[in-house]
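Produce the entire structure from the sequences given, and follow the hints as far as they go.
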Amino acid sequence: MAEPAAGLLQHTSLRDQVLEHVRHALVSGEIRPGDIYSASALATRLRVSSSPVREAMLTLVNQGLLEPVRNRGFRVVPMSDRDLDEVYEMRVLLELPGTLKAAARITDADLDRLRALAGDIEDAAEAGDVVRFLDADRHFHLDLLACGGNGRLVDAVATLRDQTRLYGLENLAERGTLADSAREHREILAAIADRDSARLEELVHAHLRHIRADWAQTQD
Numbered sequence: 006m007a008e009p010a011a012g013l014l015q016h017t018s019l020r021d022q023v024l025e026h027v028r029h030a031l032v033s034g035e036i037r038p039g040d041i042y043s044a045s046a047l048a049t050r051l052r053v054s055s056s057p058v059r060e061a062m063l064t065l066v067n068q069g070l071l072e073p074v075r076n077r078g079f080r081v082v083p084m085s086d087r088d089l090d091e092v093y094e095m096r097v098l099l100e101l102p103g104t105l106k107a108a109a110r111i112t113d114a115d116l117d118r119l120r121a122l123a124g125d126i127e128d129a130a131e132a133g134d135v136v137r138f139l140d141a142d143r144h145f146h147l148d149l150l151a152c153g154g155n156g157r158l159v160d161a162v163a164t165l166r167d168q169t170r171l172y173g174l175e176n177l178a179e180r181g182t183l184a185d186s187a188r189e190h191r192e193i194l195a196a197i198a199d200r201d202s203a204r205l206e207e208l209v210h211a212h213l214r215h216i217r218a219d220w221a222q223t224q225d
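Going by this note's numbering, the letters in the sequence shown line up with residues 6 to 225, in that order.
These are calculated hints, taken from the structure and not from any lab test.
None of the values given here were measured: they were computed from a predicted structure.
Heads up, none of these hints are tricks.
In the EDC-like style, the derived pairs of lysine to aspartate or glutamate whose C-alpha atoms are separated by at most 20 Å in a straight line are:
no., residue 1, residue 2
1, K106, D199
2, K106, E94
3, K106, E206
4, K106, D201
5, K106, D160
FRET-style restraints, in silico, Cβ to Cβ:
no., residue 1, residue 2, range
6, G124, N76, 44 to 54 Å
7, R50, E131, 28 to 38 Å
8, R191, K106, 18 to 28 Å
9, R77, A211, 34 to 44 Å
The C-beta atom is built at its ideal place from N, Cα and C for all residues, glycine as well.
Following this line, the structure appears as structure tokens:
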């Protein structure tokens, strides 16, 4: 895990910032299955006390991302094909109706904000910047779902997304797969702007299938 800049964790809730730091490393694949991390060692790197680090890691244990290792720390829980299939199924069940509901309530200001995020996704894909791509993609989908007004649904989808660690995305970036995925976000927004719910449902379902196929490639 890269050394954080001095003063990185000096605002609001230290636990939440540690949680975001570790979650980002998990989702980007910086931390991989089998790796064991000590709460005290991470606290030293982040220049905070062990308490907020331990709290953050226990939160990730509850979310199924980490597991405690007695007297050693915490280890990343590996994802099997069955795990990935279950995450995909749950995302379809939640995101399809959630996106349709959001599209019915969305405002022009929401669409402008989402178009800016879609642009960030495309820029990151073009640059091959996997970390920035994942961050912008996460914000896009969660912000879109938030337009539906169900915070618990957004939280549930966020957890499902975080349970999928995308190792090897650099290879997908080199093959241009990230660019293909990035363009799909514009198509989703176009269907929303056109109030074409049938087309939107088709696009969201295809986008999720596309992502599951990418997961299979990155796990090889």
